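Student: Here is how the chains run, residue by residue.
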Amino acid sequence: MDELTDLPLNDLVSGLRAGEFSSRELTQAFLDRVERFEPWIHAFICLVPEAALAQADQADEKLARWRKNADTPLPQLLGVPIAIKDVLTVAGLPCTCGSKILEGFVPPYNATTVDRLLKAGVIVLGKTNMDEFAMGSSTENSAYGVTHNPWNLKRVAGGSSGGSAAAVAARMAPLALGTDTGGSVRQPASFCGVTGLKPTYGRVSRYGLVAYGSSLDVVGALGRTAEEVARLFPIFSGHDPKDATTVEVSSPEITFKGVESIKGLRIGVPDEYFVGGIQNDVEEAVKEAISVLASHGAETRNIRLPHTEFAVPVYYLIAPAEASANLARYDGVRYGPRKRAEDIWDVFRNTRGELFGSEVKRRIMLGTYALSAGYYEAYYGQAQKVRTLIKRDFEQAFEQVDVIAAPVAPTTAFRIGEHIDDPLSMYLEDVFTLPANLAGVPGLAFPVGFDRQGLPIGMQLMGPRFREEVLFQTAVVYQQLTDWHLHKPPLPQ
Amino acid sequence: MKLTIEEVEHIAHLARLNLTDEEKSLYREQLSKILEYAARLQEVDTSDIAPTSSVLPLRSRLRDDQPHPGLSRDELFSNTADAEANQFRVPPVLE
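First to last, the protein sequences are chains W and H. Quick note: the first sequence uses the numbering used here, first residue 1, plus one each step. Quick note: the second sequence uses the numbering used here, first residue 1001, plus one each step.
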């Protein structure tokens, strides 16, 4: 049944409707691949094969009724399986966020994004692995074991949505939801050779997303192609009364017009993203991808984003500061395991000290320090001001260009363990993804080649706020002109 | 500028984190290094720059005050380690 798991989303939807295969067959085909490859990859924290097949049977009944009477509207993605990052709540399924402090927590409600997808008929296969509370760039910070890159099992899958990216790359799920606070969709997508969207901040509901850095967190999606992610995006995005930071901007279906549509598209190439430290193969592949678009009529322009070098220190003060406040809620009282003690303060201190992992504690400490009396202005206050300058860089750039093209990460997937003892070296891996989060602009990562070790290379397109459509249209054209997105990882048989 | 162990203990206290001695010395080294790196932000002239706390224009959003179903009591208590009579039970906060 492997061929079913290779079909693009459009063929899955049309095949289900035409009755060429059932949702049960399709779901089983993905579950079969999970059974074969999960022992090597470990993309999932929780799998629910029985619930998924039961959901698939219900979808098949609806499809059968619809085939007899096609007047009734059918949910858009009825019967299509999906994987959900374990930071989003699915009612009745455990939600650990990769942490021991939420072990056994079963949320009684759906995240809005999940709810919208379920209404669109998707089948949830399980919850994917991630860095604890989405803090990390490698999925090594999961309390439930590391995710291995399907292209090279000794390499990381990226993070924090490493499980979602690896699951899609290994064809264990056709689509997945992830989240991106500082690159957590785009970087694993790049490392695993799949397509991943970080939407505009404010365009997707955070209700039911376990909070990390609330001014930066956004729910995104991963698929093998830009067209697939573009089909998913309007379904899970849009204003939500349950999240006051969602903006009332409609998310229409995205139309594609063919290769000639990129004629005259102004692509900005920022000098600051092609600097020392970037792997040669990455730089060459990204420049080659830009020239592919240019040779079909896009105009390239060198632009400046002068405050790029400050994105790492700005992010690693602001995100931990927000995290230190957001994670104050984990005290062992209302959910999660509790460490017993005579004194209430010891209950808090012991529960948090023993059940948070080391990166989470590091960021809580860093954020607490940055917000503490005497240091607030110098660290958090100054970081917020430099954030304004980073945001302004993008506003000025988008007066001259329609999209910005840049590498997703300075390197391809690094070795498991390579950065684990040196947090700062891990943080520096995020240098090219953080600015889009700080500015709130959308970014779309997709494969543009392989390095000489056979590891995928990703490029990202960033656009003005609420202009995801342009990113998708450009990436779809690129994927019509190239076949990097069709390569399959050489998994053990 | 390197953090002292006392400063690390003070931050851990503020964050209600019980740390082992090993963790304290590890975080002392690592946080010092990260903060030293972050000090480069001081180079940037921000004298006329307003801070960004959110990329969205901040405004209050009100909704109609209408009752609607929420989570049940059973659902709310379904995840706690200790509850009694529809209340979360913890050691005494005040003696």
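Just so you know, the hints here were simulated from the structure itself, not pulled from any lab data. Note that the coordinates shown come from a computational prediction; the quantities given were computed from them, not determined experimentally. There's no promise every hint is true.
If you want the ones that stay clear, here's a sample from chain H, every Cβ over 10 Å from chain W, calculated [stated by the list, open to error]:
hint, residue
1, Ile1005
2, Glu1023
3, Ala1038
4, Thr1052
5, Arg1063
6, Asn1079
7, Thr1080
8, Asp1082
9, Glu1084
10, Ala1085
In silico lysine-lysine, DSS-like type, Cα no more than 30 Å apart, as pairs [said to hold, decoys possible]:
hint, chain 1, residue 1, chain 2, residue 2
11, H, Lys1033, W, Lys68
12, W, Lys100, H, Lys1033
13, W, Lys391, H, Lys1033
14, H, Lys1002, W, Lys154
From the three backbone atoms N, C-alpha and C, an ideal C-beta is built for every residue, glycine too.
Student: Now look at each hint and say whether the structure bears it out.
Tutor: Here is what the structure says about each hint:
1. Ile1005: Holds: least Cβ distance 13 Å, greater than 10 Å.
2. Glu1023: Given a closest Cβ separation of 7 Å, the condition is violated.
3. Ala1038: violated, 4 Å
4. Thr1052: violated, 4 Å
5. Arg1063: violated, 6 Å
6. Asn1079: At roughly 4 Å from the nearest Cβ of chain W, Asn1079 (chain H) sits no farther out than 10 Å, so the non-interface label is violated.
7. Thr1080: violated, 6 Å
8. Asp1082: violated, 7 Å
9. Glu1084: holds, 13 Å
10. Ala1085: Ala1085 (chain H) is indeed farther than 10 Å from all Cβ atoms of chain W, at 16 Å.
11. H:Lys1033 with W:Lys68: Roughly 67 Å between the alpha carbons, so the hint for Lys1033 (chain H) and Lys68 (chain W) is violated.
12. W:Lys100 with H:Lys1033: Judged against 30 Å, a Cα distance of about 27 Å means the pair holds.
13. W:Lys391 with H:Lys1033: Answer holds: Lys391 (chain W) to Lys1033 (chain H) is near 27 Å, not above 30 Å.
14. H:Lys1002 with W:Lys154: Violated, at about 36 Å.
The structure does not agree with the numbered hints 2, 3, 4, 5, 6, 7, 8, 11, 14 stated previously, though it agrees with the rest.
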